[in-house]
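Participant: Using the hints, put the two standalone chains together into the complex.
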Amino acid sequence: DAGITQSPRHKVTETGTPVTLRCHQTENHRYMYWYRQDPGHGLRLIHYSYGVKDTDKGEVSDGYSVSRSKTEDFLLTLESATSSQTSVYFCAISEGRGTGHTEAFFGQGTRLTVV
Amino acid sequence: AQRVTQPEKLLSVFKGAPVELKCNYSYSGSPELFWYVQYSRQRLQLLLRHISRESIKGFTADLNKGETSFHLKKPFAQEEDSAMYYCALTTSGTYKYIFGTGTRLKVLA
Chain A
1 DAGITQSPRH
11 KVTETGTPVT
21 LRCHQTENHR
31 YMYWYRQDPG
41 HGLRLIHYSY
51 GVKDTDKGEV
61 SDGYSVSRSK
71 TEDFLLTLES
81 ATSSQTSVYF
91 CAISEGRGTG
101 HTEAFFGQGT
111 RLTVV
Chain B
1 AQRVTQPEKL
11 LSVFKGAPVE
21 LKCNYSYSGS
31 PELFWYVQYS
41 RQRLQLLLRH
51 ISRESIKGFT
61 ADLNKGETSF
71 HLKKPFAQEE
81 DSAMYYCALT
91 TSGTYKYIFG
101 TGTRLKVLA
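From first to last, the protein sequence lines are chains A and B.
Per the working numbering, the first sequence starts with residue 1, numbered consecutively.
Per the working numbering, the second sequence starts with residue 1, numbered consecutively.
Isolated chain B (complex conformation) (with noise of 0.2 Å):
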């Protein structure tokens, strides 16, 4: 089955310090992975899919296969940052998308 794991639940870090959000998942195929942003009282909205590989609001995430990861990082942390991160999958043949039990981001002035 599908898994992906965000093994931390807050990461609290100050303003300008590098940022960097873990995400591991399993899966024997070729998955497509995401990262998605939640900021206060908000609906999700996507930040990154690893098959665009571009750079949004300055955060970066590269997919490591041999590994199975998908770190999301960020050179400057800043302040607007903070909110819900959450890792997602989703793999051929079906349409269903698998998240993470999210990563709360808490940069301190």
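Okay, chain A solo, but in the shape it has when bound (with noise of 0.2 Å):
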């Protein structure tokens, strides 16, 4: 398995707090991102990143706010938690490398309950 850590792996928050959950990376990939997983929804883009500081909007960013510092970690943060927000939240990465594309290989998930 490629070094992918989420933490945490699960956490159950109050409507209206702040929350940030951490991928880190060992394998020194360009790209990394953060989806979500909802039945009937699969896998949705939030925030991606393509290097230190360099961060861009998925499909479903509102609610979410992302940074990376450093190339071996990217947060996410919610800034005020909703009870929609609850889904379980997918840490990828990716070389990116050269002219072909290489697969995305995903971190085991972080499963958020917002009560």
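These aren't lab readings, by the way, just hints derived from the structure by calculation.
The beta-carbon is built from N, C-alpha and C at its ideal position, and this holds for glycine as well.
Where hints are given, some of them may not hold.
Claimed, not checked - With a straight-line Cα cutoff of 27 Å, these simulated DSS-like cross-link-like pairs (lysine-lysine) come out:
hint : chain 1 : residue 1 : chain 2 : residue 2
1    : B       : 22        : B       : 65
2    : A       : 53        : B       : 96
3    : B       : 73        : B       : 9
4    : A       : 53        : A       : 70
5    : A       : 57        : B       : 96
6    : B       : 22        : B       : 57
7    : B       : 96        : B       : 65
8    : B       : 9         : A       : 70
9    : B       : 96        : B       : 15
Stated by the list, open to error - Rough simulated footprint, nothing fancy, chain B against chain A, three-plus residues with beta-carbon under 8 Å:
hint : segment
10   : 39-53
11   : 88-95
12   : 105-114
Facilitator: Quick look at the structure:
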């Protein structure tokens, strides 16, 4: 398995509180991604990063922010958690090197419940 | 905009029967397509990518640009194939991976 670690693995939080999820990689891959997985919706891209301090929005970015101050760490912050953000969050990495695209490698996921 | 469509939410087959999981995409250029598998409560892992044209665990998938499809096939399903399968697309110029909504495959004994 690619060296990707997500923390925490499980979290229960209250509505209105900020929450930060961490993704740490040991592969030195350039690209990092945050997805949420919901029944009936599959995986939807929240934000992604194409380098240190370089990030961009995905299709469901409202209510989320990200930061990448080091190659190995990509943080996802829910600024004020809502029940609609209850989900399983996956971090992914990819090399994106050369003319072809490589596959994305996924972390184990973080199950977040907002009550 | 790029889109991946997996029309079946659930596909149930008997052990030994052929399996076909459908995937259609919309993109005007040349995409790169993948199939990912997620076993119960595990991380997603790559099953196939169209560029390599290899067979993994008996699964194959062929990119049909005319029909914009990348269906996943296996001639004889096994119980351990029961999992969630996602089709994904990435395109030149971006490194975003766009996923379909997934198909849950259940292989019945």
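Participant: Does each hint fit the structure? Answer for all of them.
Facilitator: Taking the hints in turn, this is what the structure says about them:
Among the hinted pairs, residue 22(B) with residue 65(B) is consistent with the structure: their alpha-carbon atoms are about 14 Å apart, no more than 27 Å. For the proposed pair residue 53(A) and residue 96(B), the alpha carbon gap of about 17 Å is at most 27 Å, so the pair holds. With a CA separation close to 16 Å, the supplied pair residue 73(B) and residue 9(B) stays within the 27 Å bound. Between residue 53(A) and residue 70(A) the alpha-carbon distance is near 8 Å, which keeps this suggested pair within the 27 Å criterion.
Under the criterion of a C-alpha separation no larger than 27 Å, the hint pairing residue 57(A) with residue 96(B) is consistent with the structure, at around 10 Å. At most 27 Å may separate the alpha-carbon atoms for a hinted pair to count; residue 22(B) and residue 57(B) meet this at roughly 18 Å. Restraint check: the Cα-Cα separation between residue 96(B) and residue 65(B) comes to about 20 Å, which is no more than 27 Å; the hinted pair holds. A hinted pair counts as satisfied when its Cα atoms are at most 27 Å apart, and residue 9(B) with residue 70(A) does not qualify at roughly 38 Å.
Annotation: proposed proximity of residue 96(B) to residue 15(B) is violated, straight-line Cα distance about 36 Å (limit 27 Å). Residue count for the segment 39-53 of chain A with a Cβ under 8 Å from a Cβ of chain B: 8. That meets the three needed, and the coverage hint holds. Under a criterion of three residues with beta carbons nearer than 8 Å to beta carbons of chain B, the stated coverage of the segment 88-95 of chain A is upheld, 3 such residues being counted. With a threshold of 8 Å between beta carbons, the proposed coverage of the segment 105-114 of chain A by chain B holds, since 5 of its residues qualify and at least three are required.
When the structure is compared with the earlier hints, violations turn up for hints 8, 9 and for no others.
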